[in-house]
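Undergrad: Please put together the full structure from these sequences, using the hints given.
The chain contents come next:
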Amino acid sequence: MSREGVFLLVMSALPFLGALIPGLMIRAGRTACATFAAVPTALALTMLLILAPSVMQGEVIRVELDWLPQLGLSVSFFLDGLGLLFAGMILGVGLLVTLYARFYLSSDDPMGQFYTYLLLFQGAMLGIVLSDNILLLLIFWELTSLSSFLLIGYWKHLPEGRQGARMALAVTGGGGLAMIGGMLILGNIAGSYNLTDILTQGDAIRASEWYLPALILILLGAFTKSAQFPFHFWLPHAMAAPTPVSAYLHSATMVKAGVFLLARMWPVLAGTDAWFYIVATTGLITMVLGALIALFKNDLKALLAYSTVSHLGLLTMLLGFGTKFAAIVAVFHIINHLTFKAALFMTAGIVDHAVHSRDIKRLGGLRHLMPITFVIGTVAALSMAGIPLFNGFLSKEMMLDEAARTGWAGSAWVVPALATLGALLSVAYSFRFIMHVFFGPVRDDYPAEPHDPPFGLWAAPALLVVGVVLIGLVPALVVGPLVAVAGGAVIGGGELPYYSLKIWHGVTPALFMSAAAVLGGLLLLWRHAPLDRVWLAAPRPEAKVIFDRLIAAAVSLARRITDRAHDGAMSRYLAIFVVATVALGAVAWTGGGTPPPTRGLQPVPLVVAIGWALLLVAAVSVVVTHRSRFLALVLISIIGLMISAGFVYLSAPDLALTQIAVETVTIMLLLLALHFLPKTTPIESGWFRRIRDGMIAAAAGGGVGALAYVFLLRDVDTISGYHLENSYVGGGGTNVVNVILVDFRGYDTYGEIIVLAIAGLVIFAAIEALLSGPAAARIRNTNYTQDRSRDRHPLMMVVATRVMMPIAIMVGVYIFLRGHNQPGGGFVAGLVISIALLMQYMASGFAWAQARQRIGYHTMIGWGVLIAGLTGAAAWLAGRPFLTSAFGYVHLPPIEEFELATAMAFDLGVFLAVLGAVMLMLYSLSRIARYAGETQNADPMDFDPSERKTDPKEGV
Amino acid sequence: MIAIALWFAFACFGLGLLMTAWRMVVGPDAADRILALDTMVINVIALFMVYGILRGTTIYYEAAMLVAMVGFVSTVAYCRFVLRGDIIE
Numbered sequence: 001m002s003r004e005g006v007f008l009l010v011m012s013a014l015p016f017l018g019a020l021i022p023g024l025m026i027r028a029g030r031t032a033c034a035t036f037a038a039v040p041t042a043l044a045l046t047m048l049l050i051l052a053p054s055v056m057q058g059e060v061i062r063v064e065l066d067w068l069p070q071l072g073l074s075v076s077f078f079l080d081g082l083g084l085l086f087a088g089m090i091l092g093v094g095l096l097v098t099l100y101a102r103f104y105l106s107s108d109d110p111m112g113q114f115y116t117y118l119l120l121f122q123g124a125m126l127g128i129v130l131s132d133n134i135l136l137l138l139i140f141w142e143l144t145s146l147s148s149f150l151l152i153g154y155w156k157h158l159p160e161g162r163q164g165a166r167m168a169l170a171v172t173g174g175g176g177l178a179m180i181g182g183m184l185i186l187g188n189i190a191g192s193y194n195l196t197d198i199l200t201q202g203d204a205i206r207a208s209e210w211y212l213p214a215l216i217l218i219l220l221g222a223f224t225k226s227a228q229f230p231f232h233f234w235l236p237h238a239m240a241a242p243t244p245v246s247a248y249l250h251s252a253t254m255v256k257a258g259v260f261l262l263a264r265m266w267p268v269l270a271g272t273d274a275w276f277y278i279v280a281t282t283g284l285i286t287m288v289l290g291a292l293i294a295l296f297k298n299d300l301k302a303l304l305a306y307s308t309v310s311h312l313g314l315l316t317m318l319l320g321f322g323t324k325f326a327a328i329v330a331v332f333h334i335i336n337h338l339t340f341k342a343a344l345f346m347t348a349g350i351v352d353h354a355v356h357s358r359d360i361k362r363l364g365g366l367r368h369l370m371p372i373t374f375v376i377g378t379v380a381a382l383s384m385a386g387i388p389l390f391n392g393f394l395s396k397e398m399m400l401d402e403a404a405r406t407g408w409a410g411s412a413w414v415v416p417a418l419a420t421l422g423a424l425l426s427v428a429y430s431f432r433f434i435m436h437v438f439f440g441p442v443r444d445d446y447p448a449e450p451h452d453p454p455f456g457l458w459a460a461p462a463l464l465v466v467g468v469v470l471i472g473l474v475p476a477l478v479v480g481p482l483v484a485v486a487g488g489a490v491i492g493g494g495e496l497p498y499y500s501l502k503i504w505h506g507v508t509p510a511l512f513m514s515a516a517a518v519l520g521g522l523l524l525l526w527r528h529a530p531l532d533r534v535w536l537a538a539p540r541p542e543a544k545v546i547f548d549r550l551i552a553a554a555v556s557l558a559r560r561i562t563d564r565a566h567d568g569a570m571s572r573y574l575a576i577f578v579v580a581t582v583a584l585g586a587v588a589w590t591g592g593g594t595p596p597p598t599r600g601l602q603p604v605p606l607v608v609a610i611g612w613a614l615l616l617v618a619a620v621s622v623v624v625t626h627r628s629r630f631l632a633l634v635l636i637s638i639i640g641l642m643i644s645a646g647f648v649y650l651s652a653p654d655l656a657l658t659q660i661a662v663e664t665v666t667i668m669l670l671l672l673a674l675h676f677l678p679k680t681t682p683i684e685s686g687w688f689r690r691i692r693d694g695m696i697a698a699a700a701g702g703g704v705g706a707l708a709y710v711f712l713l714r715d716v717d718t719i720s721g722y723h724l725e726n727s728y729v730g731g732g733g734t735n736v737v738n739v740i741l742v743d744f745r746g747y748d749t750y751g752e753i754i755v756l757a758i759a760g761l762v763i764f765a766a767i768e769a770l771l772s773g774p775a776a777a778r779i780r781n782t783n784y785t786q787d788r789s790r791d792r793h794p795l796m797m798v799v800a801t802r803v804m805m806p807i808a809i810m811v812g813v814y815i816f817l818r819g820h821n822q823p824g825g826g827f828v829a830g831l832v833i834s835i836a837l838l839m840q841y842m843a844s845g846f847a848w849a850q851a852r853q854r855i856g857y858h859t860m861i862g863w864g865v866l867i868a869g870l871t872g873a874a875a876w877l878a879g880r881p882f883l884t885s886a887f888g889y890v891h892l893p894p895i896e897e898f899e900l901a902t903a904m905a906f907d908l909g910v911f912l913a914v915l916g917a918v919m920l921m922l923y924s925l926s927r928i929a930r931y932a933g934e935t936q937n938a939d940p941m942d943f944d945p946s947e948r949k950t951d952p953k954e955g956v
Numbered sequence: 001m002i003a004i005a006l007w008f009a010f011a012c013f014g015l016g017l018l019m020t021a022w023r024m025v026v027g028p029d030a031a032d033r034i035l036a037l038d039t040m041v042i043n044v045i046a047l048f049m050v051y052g053i054l055r056g057t058t059i060y061y062e063a064a065m066l067v068a069m070v071g072f073v074s075t076v077a078y079c080r081f082v083l084r085g086d087i088i089e
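Just so you know, the protein sequences line up as chains A and B, in that order. The first sequence: position 821 = 821 (UniProt numbering), numbered continuously. The second sequence: position 21 = 21 (UniProt numbering), numbered continuously.
Since the hints were made in silico from the structure, they are not lab data. For clarity, every value in this text was computed on a predicted model and none was experimentally measured. Heads up, some of the hints might be wrong.
[Said to hold, decoys possible] Now the stretches of chain B that chain A is said to cover, found in silico as 3 or more residues with beta-carbon under 8 Å:
no., region
1, 12 to 25
2, 31 to 39
3, 44 to 51
4, 65 to 75
Even glycine gets a Cβ: it sits at the ideal position worked out from N, Cα and C.
TA: Have a look at this one:
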């Protein structure tokens, strides 16, 4: 990996690593927090500047690390001209915003959080512009949606902030989903998810029949992000965010992501009619519409938001034209828009800060009161209007020049006319910004005393404005090389078209259009008051209302479907699931042919037939008697017993052991719960439903039976052979079932014990909630006592279980140790030991047994999962994949040689997790009884003969 | 000789299973059924042993031991439920 490559990697990781710092540094004070938030950005910017010279010479810096090669996903970054431009913007403006926010945020705002969100967002943006893998790009794309959600909703106490954040997330996140589809299609066409590969395959992609779907899906992502019509409505609502966020997200970064994507994909997707008509038209509409709305907005930030929408439309339109010249102009305008728009947002923030209002109707006459702000704001706004000597003029002229040469559906005047109209409106709202805020008479009813802000607040916009002027005066000198290299990257290499960055191009059509725009704009501003009244009186669709209705409709539709499918009745879920499965099975069955049977039927021994008959009898009896719940439980035991006998007969002793142990534990759980439930099930369904449900059940059972029958009569290739061959060689065990559990499928087992652990903890939590919730009073007030036997803890049973205890533990240990080579293992051993412990609870009473339980069940669960995980991770130390087992033989005289396998430590984890989870479940359930007012015993036995002897008073 | 003995034993325990199943179905009491289940477990243990002898392996012996050890626990649990309502007091 080259030095440059390492720099690139570190650079993209820096904001994410840095995001951890502000949250900690806020304790050291606000200035320290801001300073440390600036460090990662400044470092990354420095690295970018070190890399910049070679990129400016046309070199492309790459770095690639495998992440999920099976999916084509790699951590690969590349830095070309376009990436350099955007990364510079993201980091440079990031630095300015960090400075600005330090002075903007009030002491009540949690500043550490702010900088953390900001850096997360910055990292995500940087990832987008540097990704060389489109899957990686998608990940960063979604990350920007998420982190911008946090930033927009930063002022959590404002409902507009929360709603705006939600709307932004819904719109940009939805577009992101569409884009995932588009990118996958694109990757499929190109045969690679690497951007550099995709960029070389433009012709193949444009010729593909999948081009249009991919284009539309990707454009959906880009248009939603860049607030293009009809998705433009989220951007103004996102203005509820603090101004530094608006300045960052809505001038330089987030909304430019869509434009970036259009530029990045330009060599591949542009140049077709579909591209031109979709992209250029959308851009054109957005440009005019955004400018029109901006003219009538009274909130400064809303005005700027719609102006941003308009300028994004302009950029989209330029890229949509599909000519190389237009693409270069777009790159140039991206730079210009960044400088003046970020400065304008910051100016709006300063005005808001000083006057406590952003309402144009309450402002005016500020030029004498806030001279510094006035100069900054005016220069930036003049640039936005496209007035000569400022940078906005240059790119606008070039845009008009290109528009004048573009026809639309055979008409030569549509594009030039609308582009001029857009420029005209742009002039109008820009001058309105200057005139209505800074000019006019000084008022005496400002909400607060206007004053120029401290240096820290105006330093950032001032710097940007210096850029505005410098680029405006000597464009070729300041940004010429950057435009060339970034533009070259957009158009995908080759000759750059002829263009010149200068103020005077001679008398061209663009000059007339520009002049018309300025004159018309001033005219509009002069007649603004009457026009404003017309605008307010005219009916306009309110985007937020429509959006809210759409969301409400979607929610109610989803709720209707959910309520029908999941009405809370278990029988409904089961019916849906079983019918769907049977239907799928039937489709599959009728779809393919079945080969003739290759095996004959086996003879049925008498005892097996008896067992089968018992199963049938028990199953039918459960159906008949299921309303008596206790009886059904007893009958279910027969089924469990017969199944474990079946396992023994079919040479699966492991399964038989597990089955019988699980059966016992389950019965106890059910009995514990049944104590607090009605002992009979009431009749709630009619005959029709019962017959219908019976038919569904019969179809499913019969189907599974038939399937098993068909399979057993045929030789089918299975993976058993592989397991049998490799069990000893690869896993060091002769018990294939155990080796599968702890080695071949160790990952599954690890997941399963975690699930079991979670289940145990959830039952504990659910009972905890039950006992502290509204149901608690009912439990307390219900009398669960029945006609009880007075033998609470019979002597016989106490003594028997105590004698049994060591034997049962020994059996458990034996089964555990032997598990790797003979039937057994951690799972069964855990169950056996838990049954042994349960015997003590049952016989000697809860309090007595619990007092002797030294290790908490939560602890056991935790250690179990931890040990299993650490064992798996230990394989990494040996440089092998997770959970690879190792084994060896140890000889310790006088014991015979024995085997030690790492799988044993893993099995120990399984054992502890199973034991802990089972005991925690039973413990939790039996707590209800104590809560319901049951007395506890101090002594293990009802009558202890040994006490009688030692008590002298009682005598014998 | 041993084969005949084994098949005789199988027949006996099988018959035992059927008879316990009969008691299970007709009841009439919960106590009858719990006892029937317990007897059924014992018959199954016996079957495991006989099957082990037939196949000449000790594996089934352990299965039988485990069934004996935990089968009794369910019986106790059922009985405690009938007698006391709560099985862990």
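Undergrad: For each hint, tell me whether it holds in the structure or not.
TA: Status of each hint after checking the structure:
1. Check on the region 12 to 25 of chain B: 7 of its residues sit with their Cβ under 8 Å from a Cβ of chain A, so the three-residue criterion for coverage holds.
2. A stretch counts as covered by a chain when three or more of its residues have a beta carbon under 8 Å from one of that chain; for the region 31 to 39 of chain B and chain A the count is 3, and the coverage holds.
3. Against chain A, the region 44 to 51 of chain B contributes 4 residues with a C-beta closer than 8 Å to a partner C-beta. That satisfies the three-residue criterion, and the hint holds.
4. Counting residues of the region 65 to 75 of chain B whose beta-carbon sits less than 8 Å from any beta-carbon of chain A gives 8, enough to reach three: the coverage restraint holds.
Checked against the numbered hints above, the structure violates none of them.
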